[in-house]
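J.: Residue numbers (my numbering), protein chains in the order written: chain B, -11 to 366; chain R, -11 to 366; chain W, -11 to 366; chain S, -11 to 366.
Each hint should be verified, as a subset may be incorrect.
Said to hold, decoys possible - Simulated pairs of lysine-lysine, BS3-like, Cα-Cα distance not exceeding 30 angstroms:
hint, chain 1, residue 1, chain 2, residue 2
1, B, K330, B, K361
2, S, K361, B, K361
3, R, K330, R, K361
4, S, K131, S, K30
5, R, K361, R, K187
6, R, K361, W, K330
7, S, K131, B, K361
8, R, K30, R, K330
9, S, K131, S, K160
10, R, K361, W, K187
11, W, K187, R, K131
12, S, K160, B, K131
13, R, K131, R, K160
14, W, K131, W, K330
15, B, K187, B, K160
16, W, K330, W, K361
17, R, K160, R, K330
18, B, K131, B, K30
Hints in this document: simulated from the structure, not taken from any laboratory. Just so you know, these numbers come straight off a predicted model, no measurement behind them.
Protein chains: 4
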Amino acid sequence: MPGNTFGQFFRITTAGESHGPGNVVIVDGVPAGIPLNVADLKVDLDRRRPGQSPLVTQRQEPDDPEILSGVFEDRTTGTSIAILIRNTDQRSGDYSDIRDKYRPGHADYTFDARYGFRDYRGGGRSSARETTSRVAAGVIAKKLIADQFGGQVVAYVKQVGSIVASVPFPEKVTLQQVEFLADGSPNFVRCPDYQAAEKMVQLIDEVRRDTDSIGGVSEIVATGVPAGLGEPVFDKLKADLAKALFSLPAVLGVEYGIGFGCAEMRGSQNNDIFVGGSGEEITASDERSLIRTSSNRHGGMLGGISSGMPIILRAAIKPTSSLAREQPTVTRDGLPTTIRTKGRHDPCLLPRFIPMAEAMVAIVLADHWLRWKAIRTA
Amino acid sequence: MPGNTFGQFFRITTAGESHGPGNVVIVDGVPAGIPLNVADLKVDLDRRRPGQSPLVTQRQEPDDPEILSGVFEDRTTGTSIAILIRNTDQRSGDYSDIRDKYRPGHADYTFDARYGFRDYRGGGRSSARETTSRVAAGVIAKKLIADQFGGQVVAYVKQVGSIVASVPFPEKVTLQQVEFLADGSPNFVRCPDYQAAEKMVQLIDEVRRDTDSIGGVSEIVATGVPAGLGEPVFDKLKADLAKALFSLPAVLGVEYGIGFGCAEMRGSQNNDIFVGGSGEEITASDERSLIRTSSNRHGGMLGGISSGMPIILRAAIKPTSSLAREQPTVTRDGLPTTIRTKGRHDPCLLPRFIPMAEAMVAIVLADHWLRWKAIRTA
Amino acid sequence: MPGNTFGQFFRITTAGESHGPGNVVIVDGVPAGIPLNVADLKVDLDRRRPGQSPLVTQRQEPDDPEILSGVFEDRTTGTSIAILIRNTDQRSGDYSDIRDKYRPGHADYTFDARYGFRDYRGGGRSSARETTSRVAAGVIAKKLIADQFGGQVVAYVKQVGSIVASVPFPEKVTLQQVEFLADGSPNFVRCPDYQAAEKMVQLIDEVRRDTDSIGGVSEIVATGVPAGLGEPVFDKLKADLAKALFSLPAVLGVEYGIGFGCAEMRGSQNNDIFVGGSGEEITASDERSLIRTSSNRHGGMLGGISSGMPIILRAAIKPTSSLAREQPTVTRDGLPTTIRTKGRHDPCLLPRFIPMAEAMVAIVLADHWLRWKAIRTA
Amino acid sequence: MPGNTFGQFFRITTAGESHGPGNVVIVDGVPAGIPLNVADLKVDLDRRRPGQSPLVTQRQEPDDPEILSGVFEDRTTGTSIAILIRNTDQRSGDYSDIRDKYRPGHADYTFDARYGFRDYRGGGRSSARETTSRVAAGVIAKKLIADQFGGQVVAYVKQVGSIVASVPFPEKVTLQQVEFLADGSPNFVRCPDYQAAEKMVQLIDEVRRDTDSIGGVSEIVATGVPAGLGEPVFDKLKADLAKALFSLPAVLGVEYGIGFGCAEMRGSQNNDIFVGGSGEEITASDERSLIRTSSNRHGGMLGGISSGMPIILRAAIKPTSSLAREQPTVTRDGLPTTIRTKGRHDPCLLPRFIPMAEAMVAIVLADHWLRWKAIRTA
């Protein structure tokens, strides 16, 4: 099948370009009766939208969603839900530069190689605007998993440049901590280690003034997930979560639990030990289970199936490719030239990546939950 | 759909447990006319099989495949290809230990949580024996990509414990270097940096004598891949490759190009610069292209679509969970006990991981190639 | 996967209810470069729309499509195409009747059984308004098959009540004949046998005045289809075409070639004889082929694969279930009552069924064409 | 995806040719804990196999299945179930005739058109031997639907040539009646109207002696199916059932309920009236429902969703194409010649079609049941 669909049972199909009329997502497989309205969608769309803070691009897009189907009297009906988010700030500028030159780090060249033809008025289908659809669908997924098994997904910024946050208990980080600082003001960088957050803000500001950009790492945590989600072979939960995160723009690496740190571990150090369910320090994800592990290097998944412990993932995000400085490149004909991206770009993608990552993880969990329901005896 | 199928167009479906009669794979979507016989399959199956060297488990499994369909007079017919690999060394031992106790790091507990019922005579469906199917299918994928676009996939061991190989030009590593040392003797550890390889062999030997195990990192390189493979949104080539690798047992992390290193990079450092096609140092993957990049931090994929540069991935593999020493755990009822895995396990999974990783990457490339063919105008 | 998606490679996903804001379709898998604009879509949407003639429902819906994505400068870009068709004539009337009572022949009861919850303001998702999405997508499919292999799909009314049209050469019927009478006036009933057409118009008129409805049969013909489309086992071309037609509302039977007539045939009568390609009476679908059959009882498909002869299908359509007369039924609680459908319904579904059937057949052909392209050697 | 897979959640993937080593099916999505062994599979395989009666082909194939995976201690484990049925009676004869000439009514020509290359030793992938896989999978589906909702599927021969059986209450026909005559002897033709059965046997015998073949119609009935199965749009239950039946060899038409008879009906005649659940003549399929219809022209499906009434389908089967008499045809080069099929063919496909049809219908019901379970709130 073509690549604009994600998920098996909780399934989203998207369309839309950055400079067309808008983005649309059809969410299929949603059980009937889940409360849903436009205000629900707005919460995460606002966390994703441009112009939300001084740290991010200053484009202004209200990202007001319209629910076209699948919801009646503020409840899902079981039929496919279509959501439309119109584009409003696509400036009809002069696109001759990006029509004829390949922006470094962007998909302009690879689109031309694939299709031989390209909507050159911006990133088109590979623009980050495409993720509005995912975030809207993610809201529905979050409601589904909360409703059906008390699942919750929280992501935050773990690292920007060489500044690494200290988050000793990932499973205890709250949305409140991600969104707000101690004094109640917005946590623009979405890092729950407030000291690190302050340094990250400074670094991002410095980088922007330098017409440059900076990379980072996000940590995504899912709690309340029962043991048993995931298929044992190809559709391992870890595999589908990794695909979900890698399908987001700018992600160059994904790991879970101890991740790449496992390379230096011995089995005797790395194995998490099973213990009985009571009196343990680590909060198990699934309170109903009698069995948990006394540590969580396995990041909540064993054999590709959730273990009931918190699911902990990390994704590495590259620095924004668009720079407000001149960069060497070539024309469509391969001749050397230079390009300078006009306008308004995020100096660091991390703060706006957070709701996208949460959405994709929630979608995978919703999907695997429905898949499990289908075969459960009970 | 259930989780025993992988790929859209080049599609494999597998079945089989470690202690049942055997493993079977159905490979669907293979064009007619590709030369294929049992000897072709044996090459990679032998690279994967137990007992192949002193470094790996000493179980003896000949892994002789039988082609049941889809091949006539040593050529594929276009219909589905079924391959059966019978199990021969499943010892009908005493399984009461693993029936009643949960092995640390294994999927015993999560299988019980998912299905409420389990073939307890070993890893069952989550045993590494399942990967025989993938390796057999991978041979077909390798032939397809070689035949149709000159594609090639070579993987090798990049790191074991803290020993990191120096491989300055990943795209130049040959299968010969991976399989053989300078003197023509087998390269048991499959690391093309022979000095590092020697140290890795020593470390693995030491770890085994210590009834322990060790993790590592594999690097996988695909060359000859034309620019244009991959779908721009969910089925980005990077996303499907990551899912493919994460679907293998013991993989805790995947990255491509500069990977997690991007977190500390600035955009001005990280962007690979497009250049005209001639006179460049780096060998472009697709010789036909006029345009390439002068460096390859993007690992051969931009916007999720292949760029024509070498595709370079890394996967982190955890240390084997089975240990020939006593480990604490619990019974099915959550009561504390200890378990000691009898028998014959790999002290390090990396050497046998190599053909599995190659297979999965080749399968993804074959799949995306067919997907691209369907929509190409030319 | 949930049921709002159709096709593997040429893939459509739809959403929308009769009384919501509108219907949306995402068409995925369309190659880049196919000319497409709103006017193209309007042609078939106008053939489907209510109010187009005295024979059909007098609801007025302009069915103006908006292309939201996937088209740039009037050509497809290769990315997913979203089309929105807003509802305009949903009268916010009194729905208490159909909220509490089950309309005979409708899906009200089965929706409640399935979802436990229903948008009761009309047919909702099972309304024929849903087919606007299919017809819009069908236009793209028609363009694709015409562009890539000269394929064409024409459907017409073969039977209404006991009036059966005489159409001796189905493969020679033109769109012009279906849409217009000899004098250039509209062929309201879409039957190319003008004598039968006149009787059908009279019958439908009579039935409507009698507050009743009448069934019929449509014949659908695809020409220009090369030999080789279709998968030999489950995705036989006949199987996918049958599914496509049965997925339309009110279809109770589908047959191809000689169809149910085969039951009384002997093999010696029924087998179509292969002949060399020249000098034959029947126009082969694929002019390039050397081989054809001298008769076409096989309806253009052998072993589920197209033979190059015209593909000929028939679908039986039940009489409209909504009647402007009182019918007995039950309430949601199973208590006896009566119901009378208010308003504006087609006394015969056939005339508006024609573009729907063409669309679905074209979509299947486009899909199988892309599937074939993926595996073809040439 | 390629065409050797059927179903979304209860999913079968098959491989195998008539003259290769054997046929294999992988059944995925089967819940854990369903009792299953080889003897269960044999029951329906014996109903399908050649040589079972004087009415059918006299080839001898024991069709002994081997379960390769997914079953442990005679219960399903939840993992994919692979079943292998080896071919034993493929005579290594002289195939030059069918290598170079196209058999009328067969897929020889269309295979060549599609793949350009063909296993010419018989029907290959389009041989009826392929249906062994379906029948084996169907046994599992039958057990699943019986186990989970008391569903049952019974098919029988409704018509051979012009002999039409009288079966006034399709939903009351038992497997016993289909398999045995009043005196306990085998009902070779599988028609529950014993008078018609006798005539059918005579007709088939006469046709065979005349080196000819004859077509017919099968009726398939599913009872015990709850209201609510089926998706409202593309994956309507009727659409998936039709695809399932059309995917079988030789099926030229499918209808349900009143079928093609609807063309002559008025809505006031055709609508089945809803009634309260008690005291009705027709046995509702789902005893738990309060609501049923007083007649069943809708064949148990409304809006593509099961209504709780018996599901009644009919399939038209063409006369066997292989004839033991000379027929004109062409060579691969289009030159005129004649062909006479050697050997052992069914003079009428109907008796052996019965278990195939039951299998496909059961597979669709199992699939839609699991799909429904995934989204049900209760």
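J.: Take the hints in turn and mark each one as holding or not.
T.: Now for the hints, and whether the structure bears them out:
For the proposed pair K330 of chain B and K361 of chain B, the alpha carbon gap of about 50 angstroms is over 30 angstroms, so the pair is violated. The straight-line distance between the Cα atoms of K361 of chain S and K361 of chain B is roughly 7 angstroms, inside the 30 angstroms bound, and the hint therefore holds. A hinted pair counts as satisfied when its Cα atoms are at most 30 angstroms apart, and K330 of chain R with K361 of chain R does not qualify at roughly 50 angstroms. Only pairs whose Cα atoms come within 30 angstroms are accepted, and K131 of chain S paired with K30 of chain S is accepted, the gap being roughly 14 angstroms.
Annotation: proposed proximity of K361 of chain R to K187 of chain R is violated, straight-line Cα distance about 45 angstroms (limit 30 angstroms). Our distance criterion of 30 angstroms between C-alpha atoms is broken by K361 of chain R and K330 of chain W, whose separation comes to about 52 angstroms. The straight-line distance between the Cα atoms of K131 of chain S and K361 of chain B is roughly 19 angstroms, inside the 30 angstroms bound, and the hint therefore holds. For the suggested pair K30 of chain R and K330 of chain R, the alpha carbons sit about 29 angstroms apart, so the restraint of at most 30 angstroms is met.
This hinted pair checks out: K131 of chain S and K160 of chain S have alpha carbons roughly 20 angstroms apart, not beyond 30 angstroms. Distance check on the hinted pair: K361 of chain R and K187 of chain W sit about 50 angstroms apart at the alpha-carbon level, beyond 30 angstroms; violated. Between K187 of chain W and K131 of chain R the CA atoms are separated by roughly 63 angstroms; this puts the pair beyond 30 angstroms, and the hint is violated. For the suggested pair K160 of chain S and K131 of chain B, the alpha carbons sit about 46 angstroms apart, so the restraint of at most 30 angstroms is broken.
Proximity of K131 of chain R to K160 of chain R is assessed by CA-CA distance (about 20 angstroms); at most 30 angstroms being required, the pair is judged to hold. A distance of roughly 39 angstroms separates the Cα atoms of K131 of chain W and K330 of chain W; the hinted pair therefore is violated under the 30 angstroms criterion. The straight-line distance between the Cα atoms of K187 of chain B and K160 of chain B is roughly 22 angstroms, inside the 30 angstroms bound, and the hint therefore holds. This hinted pair does not check out: K330 of chain W and K361 of chain W have alpha carbons roughly 50 angstroms apart, beyond 30 angstroms.
The suggested pairing of K160 of chain R with K330 of chain R is violated, with an alpha-carbon distance near 41 angstroms, which exceeds 30 angstroms. Between K131 of chain B and K30 of chain B the CA atoms are separated by roughly 14 angstroms; this keeps the pair inside 30 angstroms, and the hint holds.
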